[in-house]
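Chains A and B, in that order, give the protein sequences.
Mapping of the first sequence onto our numbering: position 44 corresponds to residue 44, and the numbering continues sequentially without gaps.
Mapping of the second sequence onto our numbering: position 32 corresponds to residue 32, and the numbering continues sequentially without gaps.
If you're looking for bench data, these hints aren't it; they were derived computationally from the structure.
We put the beta carbon where it would ideally sit given N, CA and C, even for glycine.
Incorrect hints may have been included.
Part of the chain B face toward chain A, derived, beta carbon under 8 angstroms [said to hold, decoys possible]: (1) PRO39; (2) GLY42; (3) GLY63; (4) GLY95; (5) PHE104; (6) GLY105; (7) LEU110; (8) THR111; (9) VAL112; (10) THR113.
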Amino acid sequence: TQLLEQSPQFLSIQEGENLTVYCNSSSVFSSLQWYRQEPGEGPVLLVTVVTGGEVKKLKRLTFQFGDARKDSSLHITAAQPGDTGLYLCAGGRVSFGNEKLTFGTGTRLTIIP
Amino acid sequence: NAGVTQTPKFRILKIGQSMTLQCAQDMNHNYMYWYRQDPGMGLKLIYYSVGAGITDKGEVPNGYNVSRSTTEDFPLRLELAAPSQTSVYFCASSGQGVNSPLHFGNGTRLTVT
Chain A
1 TQLLEQSPQF
11 LSIQEGENLT
21 VYCNSSSVFS
31 SLQWYRQEPG
41 EGPVLLVTVV
51 TGGEVKKLKR
61 LTFQFGDARK
71 DSSLHITAAQ
81 PGDTGLYLCA
91 GGRVSFGNEK
101 LTFGTGTRLT
111 IIP
Chain B
1 NAGVTQTPKF
11 RILKIGQSMT
21 LQCAQDMNHN
31 YMYWYRQDPG
41 MGLKLIYYSV
51 GAGITDKGEV
61 PNGYNVSRST
71 TEDFPLRLEL
81 AAPSQTSVYF
91 CASSGQGVNS
101 PLHFGNGTRL
111 TVT
């Protein structure tokens, strides 16, 4: 069972358009991280959100953690070719005394110049 | 800064062969992880370690073994390679706490034929 579902799985849009990627779960997480992965490289952290309802902005990227801490979204304004990549959300929670980070299924984003 | 270094970058194995994927980090992180990433999928945790001498299973540990004799190194061993182990393997490290960001290596692409 995949705890974190991302949608859409694939997204291809023109440069300059806006887009939103979603990360949903039926489980509650203590934190939510977003990573971007480029071909041939490992994922790189973009942001961590820890409070329900929290909104963080990173230039043209806006991240939101749901009030119930079960979901998150990533909104990109005026997408650029450099935004192309695989976007992964990862939820953190403590289970049976162990801290666990679970990755979502990923959204592969392509920005067409 | 080296960060997390993985070797080799590519490897082709025949069914039944063995190999060790190397991972080293120079950030003095206690937590280290091994993930596999199958095409079009997110990351699945194979094994993790919270410090030298301590390892534990993740979601998909079957067919793999790990050791953690030092803080810096966390090798992953495949004893009897199977086609199902064809994947890209990522090593990561982090500070303590589920909110700590993961620092990833650039991966090892393994093909078992």
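Exercise. Which numbered hints does this structure break?
Worked result: Hints 1, 3, 4, 7, 8, 9, 10 are the ones this structure does not satisfy, whereas the remaining hints hold.
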